[in-house]
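Visitor: Each chain, written out:
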Amino acid sequence: MTPSRTAFAAILAKDLRSELRTLQSLPAMALFAITTFVIFRFGLDRTSLSGSLAAGVLWATLLFAAVLGVNRLFVAEREEGGFDAIRLAPIDRSVLFGAKVAALLVYLVALELVAVPIFAIFFLDDAAGLAPLVAILLLTNLGLATTGTLISSMAVNSRARDLLVPLVLLPLAVPLMIAATGATEHLLALGGPSYDRFGTWLAVLGLYDLIFGLVGYAVFDFLLED
Amino acid sequence: MPPEQVKGEPAIAVAALRRDYGDRPALDGVAFEVHRGDTLVVLGPNGSGKTTLLRILATLLRPSGGSVRVLGCALPDEAWKLHGRIGYLGHEPLLYRDLTGRENLRFQARLHGVERASADARIEELLRAVGMERRADERVAELSAGMRQRLSICRCVLHEPELLLLDEPDSNLDAEARELAQELVGPAPGRTRVVVTHDPERHLPEADQVLRLGIDETAVVS
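From first to last, the protein sequence lines are chains A and G.
Mapping of the first sequence onto the numbering used here: position 111 corresponds to residue 220, and the numbering continues sequentially without gaps.
Mapping of the second sequence onto the numbering used here: position 159 corresponds to residue 649, and the numbering continues sequentially without gaps.
Some hints could be false.
Said to hold, decoys possible - The calculated label-pair distances, taken between Cβ atoms and stated as ranges, are:
id, chain 1, residue 1, chain 2, residue 2, range
1, G, 666, A, 130, 27 to 37 Å
2, G, 568, A, 184, 23 to 33 Å
3, A, 112, G, 650, 13 to 23 Å
None of these hints come from the bench; they were simulated from the model.
Bear in mind the structure is a predicted one, so any value in this text is a computation, not a measurement.
We put the beta carbon where it would ideally sit given N, CA and C, even for glycine.
Modelling step: build the complete structure from the supplied sequences, incorporating the hints.
Guide: Now the structure itself:
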């Protein structure tokens with residue numbers, strides 16, 4: 110058996126190299142997020158947001174932008190025979206799951222490096238809540254990446270892939286979004302961030318990540334079977 | 491010889507193999523044996539199940555019934571023991587279009603646990619063997635179908651597999667490339683091969699056995 114670390118690094122490097130070369134997912138995700146912020150800005154007719162409304166706008170936008178990346182996550186494997194190549198190799202198949210989660214995590218972090226500063230410029234009077242927001246972003250990204258990878262691997266063999274991913278992913282992401290917005294609304298509260306129930310929400314996010322990480326690890330092998 | 495394989499046991503032993511797609515049987519009652527170092531040529535019209543058979547032997551499809559043993563491993567239960575021991579050349583080149591030929595081969599080498607230094611030397615050797623050393627740094631998407639097939643042949647034998655499963659190995663290759671590819675995937679002492687082909691004139695002289703698959707007919711081994 111090839112060491113899992115070697116296989117993981119090979120698959121992750123391959124995915125990132127392909128994305129850097131073709132820019133098929135990241136620019137679309139970033140452009141979608143920016144456009145959505147512009148629409149919210151004019152649709153709500155507000156130059157400043159705070160509390161639950163700010164959290165809702167931020168997380169709804171990031172979630173829908175993430176769906177674009179999730180949709181394309183396994184396309185190369187499906188269309189270019191990567192699944193067969195990986196199934197023929199002496200590697201633990203859960204390595205593919207781990208590498209895809211890591212690739213999606215990188216996409217989401219890159220998306221947020223663009224989207225969150227623009228969100229702050231558009232809507233926030235006070236940027237003090239952004240530093241602790243990083244912890245929420247990372248935990249929510251991990252949850253989105255594990256759930257998204259699982260759903261993407263199931264949907265990729267369907268011709269209705271573009272429809273299936275949001276239909277299945279969005280309901281599964283509801284608990285994640287409740288926790289993420291619950292934690293974020295206090296950080297973006299009017300008058301500065303407060304840390305009311307912050308730890309509880311982080312624990313909920315961590316629990317979600319753990320559950321879907323374990324589910325993905327347990328079932329991914331079966332999803333690759335014919 | 492790997493511990494799973496009993497001395498004298500055939501490299502491939504198939505009995506009463508059946509594979510269904512929904513209600514339609516693609517293979518039914520197929521039986522044959524291939525000994526180490528032998529070549530089995532598989533013939534048959536379109537839709538007779540040749541590719542299905544090859545994908546079952548490669549562990550990419552599960553049989554619906556019957557018994558299949560490959561290199562001493564019973565399929566599908568022991569399929570994991572075969573990973574890395576088979577070289578599979580299918581209709582798809584199994585190459586990523588946005589990577590170069592060399593990057594694809596390096597990726598495959600890493601998946602198969604080949605050390606970087608020996609992988610680079612092996613890749614150069616293979617690229618030279620198929621006449622692709624000058625085009626290896628171009629993206630696969632920019633290469634012709636014939637050149638992709640040459641790269642795919644390199645991918646198939648990169649990890650020095652014990653068994654070669656070749657589905658139309660000559661497809662898209664010109665005469666020169668066919669000759670070059672022979673060195674890598676042609677008959678050789680100790681090389682066990684299953685070759686699916688529509689070109690019996692070319693491949694029958696290499697065959698130790700021939701399996702003829704027919705639509706709605708029992709497979710015949712000769």
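Visitor: Run every hint past the structure and note whether it holds.
Guide: How the hints compare with the structure:
Between residue 666 of chain G and residue 130 of chain A the C-beta distance comes to about 31 Å, which sits within the given range of 27 to 37 Å. Between residue 568 of chain G and residue 184 of chain A the CB atoms are about 32 Å apart, so this pair conforms to the stated range of 23 to 33 Å. A beta carbon spacing of about 19 Å between residue 112 of chain A and residue 650 of chain G agrees with the range 13 to 23 Å that was offered as a hint.
The structure meets every hint from the earlier list without exception.
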